[in-house]
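Letter by letter, the chains look like this.
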Amino acid sequence: MNAAPIASASTAGGSLLWLAIILPVVGILASLLSGGRHAERIALLLMPTGFGIAIAIAIFLWRSGQPLVYVIGGFNPPLGIALRADGFSAVMLVTTALIVAAAGFYARAIFATPPGITEARAPLTFWILLQAIWASLNLVFLGGDLFNLYVAIELLTFAAVPLVCLDSRAETISAALRYLLFALCGSVFYLLGVALLYGAYGTLDIVLLSDRVSSEPVVWVAAGLMTAGLLAKTALFPLHLWLPPAHANAPAACSAVLSALVVKGSFFLIVRLWFGVLPNVPHEAVSFILAALGSAAILFGSVLALQQERLKLLIAYSTVAQIGYLFLMFPLVQGPNLWVAEAWSGGIMQTLSHAFAKAAMFLAAGLIAESLGHDRIRDLRGIGAVMPMTLFAFGLGGLSLMGLPPSGGFLAKWLLLKASIEAGRPIWGAVMLSGGLLAAGYLYRVLAPALSSDILHLKAPPRRSREAVALALALTAIALGFAPKAFFDFLQIGRVAVAGGSS
Amino acid sequence: MNALGLVLLIATPATPLVMLALCGSQARRDFLSSCLWIAPLPALGAALMTIGGQSSAFAAPAIGYTLFIDKVAGVLLLVVAILWIGAGLAAARREARDVRFSVCWMLTMAGSFGVFVAADLLTFYLLYALVSIPAFGLIMRNGDAASKRAAGVYMAFTILGEAFLLAAFALLAAGEPNGSLQIHDVIAALPGSPWRDGALALIIASFGLKIALVPMHGWMPLTYTAAPLPAAAALSGAAVKAGVIGLIRFLPFDTALPDWGEALAAVGFISAFYGVAVGITQHNLKTVLAYSSISQMGVIAAVMGMGLASAIPGTALDSAVYAAHHVLVKGALFLSIGVAAVASQKYRPLVMWLSAIMALSLAGLPMTGGWLAKLVVKAPLGDGIAGTLADLSAAATTLLMLHFLMLLARMAQQSPQTKTQVAIDASWLALAISSVVVPWLLYPVVVGGLGEALTASAIFKSLWPVLFGAALAYGLRPWDHRLLSVPEGDIINLMEAAFRASLRLGETFERLDLRLRQWPAATISLGIIALLLAAAARASR
Numbered sequence: 005m006n007a008a009p010i011a012s013a014s015t016a017g018g019s020l021l022w023l024a025i026i027l028p029v030v031g032i033l034a035s036l037l038s039g040g041r042h043a044e045r046i047a048l049l050l051m052p053t054g055f056g057i058a059i060a061i062a063i064f065l066w067r068s069g070q071p072l073v074y075v076i077g078g079f080n081p082p083l084g085i086a087l088r089a090d091g092f093s094a095v096m097l098v099t100t101a102l103i104v105a106a107a108g109f110y111a112r113a114i115f116a117t118p119p120g121i122t123e124a125r126a127p128l129t130f131w132i133l134l135q136a137i138w139a140s141l142n143l144v145f146l147g148g149d150l151f152n153l154y155v156a157i158e159l160l161t162f163a164a165v166p167l168v169c170l171d172s173r174a175e176t177i178s179a180a181l182r183y184l185l186f187a188l189c190g191s192v193f194y195l196l197g198v199a200l201l202y203g204a205y206g207t208l209d210i211v212l213l214s215d216r217v218s219s220e221p222v223v224w225v226a227a228g229l230m231t232a233g234l235l236a237k238t239a240l241f242p243l244h245l246w247l248p249p250a251h252a253n254a255p256a257a258c259s260a261v262l263s264a265l266v267v268k269g270s271f272f273l274i275v276r277l278w279f280g281v282l283p284n285v286p287h288e289a290v291s292f293i294l295a296a297l298g299s300a301a302i303l304f305g306s307v308l309a310l311q312q313e314r315l316k317l318l319i320a321y322s323t324v325a326q327i328g329y330l331f332l333m334f335p336l337v338q339g340p341n342l343w344v345a346e347a348w349s350g351g352i353m354q355t356l357s358h359a360f361a362k363a364a365m366f367l368a369a370g371l372i373a374e375s376l377g378h379d380r381i382r383d384l385r386g387i388g389a390v391m392p393m394t395l396f397a398f399g400l401g402g403l404s405l406m407g408l409p410p411s412g413g414f415l416a417k418w419l420l421l422k423a424s425i426e427a428g429r430p431i432w433g434a435v436m437l438s439g440g441l442l443a444a445g446y447l448y449r450v451l452a453p454a455l456s457s458d459i460l461h462l463k464a465p466p467r468r469s470r471e472a473v474a475l476a477l478a479l480t481a482i483a484l485g486f487a488p489k490a491f492f493d494f495l496q497i498g499r500v501a502v503a504g505g506s507s
Numbered sequence: 009m010n011a012l013g014l015v016l017l018i019a020t021p022a023t024p025l026v027m028l029a030l031c032g033s034q035a036r037r038d039f040l041s042s043c044l045w046i047a048p049l050p051a052l053g054a055a056l057m058t059i060g061g062q063s064s065a066f067a068a069p070a071i072g073y074t075l076f077i078d079k080v081a082g083v084l085l086l087v088v089a090i091l092w093i094g095a096g097l098a099a100a101r102r103e104a105r106d107v108r109f110s111v112c113w114m115l116t117m118a119g120s121f122g123v124f125v126a127a128d129l130l131t132f133y134l135l136y137a138l139v140s141i142p143a144f145g146l147i148m149r150n151g152d153a154a155s156k157r158a159a160g161v162y163m164a165f166t167i168l169g170e171a172f173l174l175a176a177f178a179l180l181a182a183g184e185p186n187g188s189l190q191i192h193d194v195i196a197a198l199p200g201s202p203w204r205d206g207a208l209a210l211i212i213a214s215f216g217l218k219i220a221l222v223p224m225h226g227w228m229p230l231t232y233t234a235a236p237l238p239a240a241a242a243l244s245g246a247a248v249k250a251g252v253i254g255l256i257r258f259l260p261f262d263t264a265l266p267d268w269g270e271a272l273a274a275v276g277f278i279s280a281f282y283g284v285a286v287g288i289t290q291h292n293l294k295t296v297l298a299y300s301s302i303s304q305m306g307v308i309a310a311v312m313g314m315g316l317a318s319a320i321p322g323t324a325l326d327s328a329v330y331a332a333h334h335v336l337v338k339g340a341l342f343l344s345i346g347v348a349a350v351a352s353q354k355y356r357p358l359v360m361w362l363s364a365i366m367a368l369s370l371a372g373l374p375m376t377g378g379w380l381a382k383l384v385v386k387a388p389l390g391d392g393i394a395g396t397l398a399d400l401s402a403a404a405t406t407l408l409m410l411h412f413l414m415l416l417a418r419m420a421q422q423s424p425q426t427k428t429q430v431a432i433d434a435s436w437l438a439l440a441i442s443s444v445v446v447p448w449l450l451y452p453v454v455v456g457g458l459g460e461a462l463t464a465s466a467i468f469k470s471l472w473p474v475l476f477g478a479a480l481a482y483g484l485r486p487w488d489h490r491l492l493s494v495p496e497g498d499i500i501n502l503m504e505a506a507f508r509a510s511l512r513l514g515e516t517f518e519r520l521d522l523r524l525r526q527w528p529a530a531t532i533s534l535g536i537i538a539l540l541l542a543a544a545a546r547a548s549r
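Chains as they are written, first to last, in my numbering: chain V, 5 to 507; chain F, 9 to 549.
Note that these hints are calculated values from the structure, not bench results.
A couple of the hints might just be wrong.
[Unchecked claim] With a straight-line cut-off of 25 Å between C-alpha atoms, the simulated SDA-like cross-links for lysine to any residue are:
1. F:Lys294 / F:Ala438
2. F:Lys156 / V:Tyr448
3. F:Lys156 / V:Arg449
4. F:Lys156 / V:Glu313
[As the list claims (entries may be wrong)] Simulated restraints, written as ranges between beta carbons of each label pair:
5. F:Val15 / V:Ile59: 33 to 39 Å
6. V:Ser438 / F:Val26: 44 to 50 Å
7. V:Glu313 / F:Leu502: 25 to 31 Å
8. V:Pro465 / F:Arg157: 53 to 59 Å
9. F:Gly60 / V:Ile59: 49 to 55 Å
Since this is a predicted model, take the numbers as computed values, not measurements.
The C-beta atom is built at its ideal place from N, Cα and C for all residues, glycine as well.
With the hints as extra help, turn the sequences into a complete structure.
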């Protein structure tokens with residue numbers, strides 16, 4: 005399964021990788037040039053196209069069973085830059101295209117340029133930044149060298165931060181600044197690490213580096229710095245200070261994208277770093293620390309979610325907890341063991357199902373907040389009777405978070421749980437199960453009163469099409485629970501075996 | 009295997025779900041209440057075919073869901089389907105006007121049928137969740153404070169049980185060397201699995217919770233008392249059997265496991281007597297029946313425990329037959345409460361007599377279905393101490409059931425005379441009659457001839473526990489109102505208090521969160537994490 009040390013030539017379908025990045029970039033430029041209400045049209049037009057490209061990449065990958073490579077301009081690394089797509093990248097591309105599109109269609113009602121004026125600040129910013137997030141995420145998933153990925157992750161941060169404060173209220177601006185400052189701290193750490201690696205090995209290409217690095221001080225320091233920097237952007241406990249205010253106060257469509265996708269971008273890079281750049285550097289103790297932080301995040305985030313008075317804050321703290329699950333795969337994906345594939349699939353499944361479930365829940369919460377004029381949990385009694393479709397979407401998303409079948413969240417938990425037992429480390433499984441119980445607790449706090457027969461009056465009923473968007477995302481999270489075996493085989497494409505760690 | 013069998017097998021869990029989907033639009037909502045009793049028909053068909061000698065299996069392509077039905081499942085599915093029809097008819101008139109109730113009813117029903125026919129771990133887990141979680145909506149139906157509390161407690165126990173079960177299944181799957189998830193394969197591999205004890209403990213914990221073994225029983229009295237009568241009938245008769253089939257399917261009866269078997273039997277007998285002891289202090293008819301369920305499920309657990317302890321062949325089928333008797337009787341007795349409350353003078357004797365037969369059938373009165381059920385489990389229980397305890401528990405059940413009948417008679421007499429025009433409830437009558445008749449039809453097909461059981465001495469041997477229980481009841485009459493007053497759910501109050509106290513931990517976490525989210529704390533954390541990771545990378549070398 006090991007990739008060739010020098011992946012020099014572009015493979016068939018490789019140019020699609022370039023297209024996946026350039027399409028939203030073209031969209032941004034066109035939006036800037038044409039301005040005003042055209043930005044919305046351009047964005048909405050490009051989204052289905054981008055989804056098509058993502059699907060095409062997945063098909064090429066499925067057919068060849070080998071990672072796709074595209075060498076930009078024909079200059080081979082280390083001179084040139086390569087783009088690469090493996091199974092994980094491909095599913096992330098598809099997920100991103102779907103969720104960005106869903107957020108876009110959902111946001112049309114709020115971020116439409118009002119009739120009569122040619123340009124409004126918030127809508128123009130929103131549509132351009134949405135495309136920027138999309139472009140930078142695609143670059144994160146496809147980038148083949150560490151500096152390139154630094155640029156991608158910076159772009160991602162700069163596109164994400166303003167989405168938090170589009171309504172320019174004082175509290176959202178302070179939340180955005182908090183996010184920006186801490187993300188910048190993370191960037192500094194990451195960049196330092198990259199510089200150290202470049203100084204030591206003279207290349208930043210992932211495949212070339214993976215061949216050259218060995219377990220020595222410069223690598224330890226660089227890896228520690230880069231990982232910590234990325235953890236800050238992922239908001240892994242205890243580095244989550246910025247996430248709850250930012251995700252809870254942003255407009256719902258933005259919260260959905262931030263919670264579902266943006267934090268996964270930096271998580272993806274941590275996976276790339278340890279399993280792509282450093283597979284030959286043993287890292288059992290590192291994995292243990294990551295999983296321990298993840299466990300703390302699960303327990304802490306869930307308990308905090310139980311304490312929240314506002315629905316969107318509850319969902320935001322639930323994100324803090326769910327991010328923790330992602331890191332439980334690290335100690336299980338070690339060495340040439342049988343359960344490694346299972347744990348890898350479980351980790352990716354968790355990434356995907358949380359993305360869809362959480363996006364659906366934020367969109368549903370947005371509809372509830374708009375229809376009621378508030379999102380205080382104790383005043384949601386009877387919401388199920390007046391907004392059944394919205395609550396159904398929220399509930400289905402919750403089902404996946406709790407890890408109840410049939411849902412992607414259930415399959416993820418099942419795979420990780422099984423792997424943790426087979427690996428002889430049931431402690432991680434126990435953490436997962438307690439996280440599920442706590443998730444059931446905080447969702448019960450919302451769902452039980454919501455389903456009561458109290459009478460509730462809406463300020464304005466939600467628009468059916470927007471409810472449908474939330475429901476479609478939730479149903480996708482459920483549909484992941486029916487993923488066939490072929491899907492899990494697909495996720496293994498391009499996975500590099502990690503050295504050592506057989507137990 | 010033939011095509012009809014296969015279709016019926018798939019339709020067994022699928023029909024309620026498909027009907028629910030078809031009733032999605034507003035226009036077809038009226039049809040939904042009829043679905044309540046139509047949807048069980050395929051399950052009934054599948055059960056009849058299986059008891060007739062067919063067995064079927066089905067594997068859904070690609071997604072890997074698998075179903076199969078054997079005689080053990082057939083016996084239980086038959087009576088469970090009859091109960092869902094009867095309870096569905098009863099619910100269709102009043103409760104089903106609430107769409108939420110009907111939706112939850114159909115989902116619970118689908119799961120209730122599904123657990124009997126699931127062939128692999130993931131299918132079982134899905135259907136088990138379906139029979140457990142939507143029942144929340146059935147318990148909540150009345151919408152008052154008591155039903156909200158009951159539903160909350162039920163949900164807490166259910167989710168805990170789900171977590172135990174998922175852990176158990178992961179251990180089972182990890183113990184199967186070839187990666188098969190078929191229940192048959194994982195159970196065959198269980199005795200030799202390195203995770204055997206953990207898996208067995210979790211299996212017994214999760215299914216024991218479902219059948220309310222002491223001390224995990226507190227939710228049951230609350231739940232059955234709060235739920236509307238048809239829902240209580242369906243839950244106590246049918247839904248709880250998900251736990252029974254769980255134990256039947258996931259305990260390795262082919263291998264003698266004395267420690268585990270005897271432990272399960274001990275918990276079972278404790279529940280059997282505990283249920284009666286608390287039950288006779290109760291004055292709400294539904295609560296009394298709930299405690300009787302705790303007691304009866306305890307007996308079933310004891311039967312399975314004894315069977316497991318010495319690998320007695322046929323334990324699975326014997327337990328299923330015993331449980332099958334409880335399905336119809338308990339369901340019909342719950343409906344009796346509603347019928348007796350409104351029965352006119354003319355019908356009151358019929359209601360009381362039928363209720364008395366069913367109630368004493370639970371105690372194993374000779375020539376009733378319960379008597380047949382007790383004959384069947386003689387083999388696993390044996391003649392030793394377990395057999396004696398079983399006889400004593402029958403006496404105890406007699407005591408509890410006479411308590412129930414006295415309360416029922418008192419209520420029937422107090423019922424207002426204005427209700428005299430109400431005709432007798434046909435669904436109750438049908439259910440009650442089938443609870444008497446079905447065991448007699450089932451016994452010769454599933455078990456065989458009665459043989460020596462019909463001799464006078466054998467009949468007397470089964471009669472003495474009932475007589476002893478009756479004598480006990482007579483002796484205890486003067487103390488009827490002097491018995492300790494125990495709140496329904498007994499220890500559940502303590503558990504709720506402990507749960508509420510644990511919630512205070514949240515405030516501590518909140519304070520900690522506030523500290524961690526200060527700038528200095530966060531930046532210091534960032535630095536420490538970078539250092540730690542670098543050190544860890546060095547340590548991993």
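Here is what the structure says about each hint:
no. : hint                            : in the structure
1   : F:Lys294 / F:Ala438             : holds, 21 Å
2   : F:Lys156 / V:Tyr448             : holds, 12 Å
3   : F:Lys156 / V:Arg449             : holds, 12 Å
4   : F:Lys156 / V:Glu313             : holds, 20 Å
5   : F:Val15 / V:Ile59: 33 to 39 Å   : holds, 36 Å
6   : V:Ser438 / F:Val26: 44 to 50 Å  : violated, 36 Å
7   : V:Glu313 / F:Leu502: 25 to 31 Å : holds, 29 Å
8   : V:Pro465 / F:Arg157: 53 to 59 Å : violated, 32 Å
9   : F:Gly60 / V:Ile59: 49 to 55 Å   : holds, 50 Å
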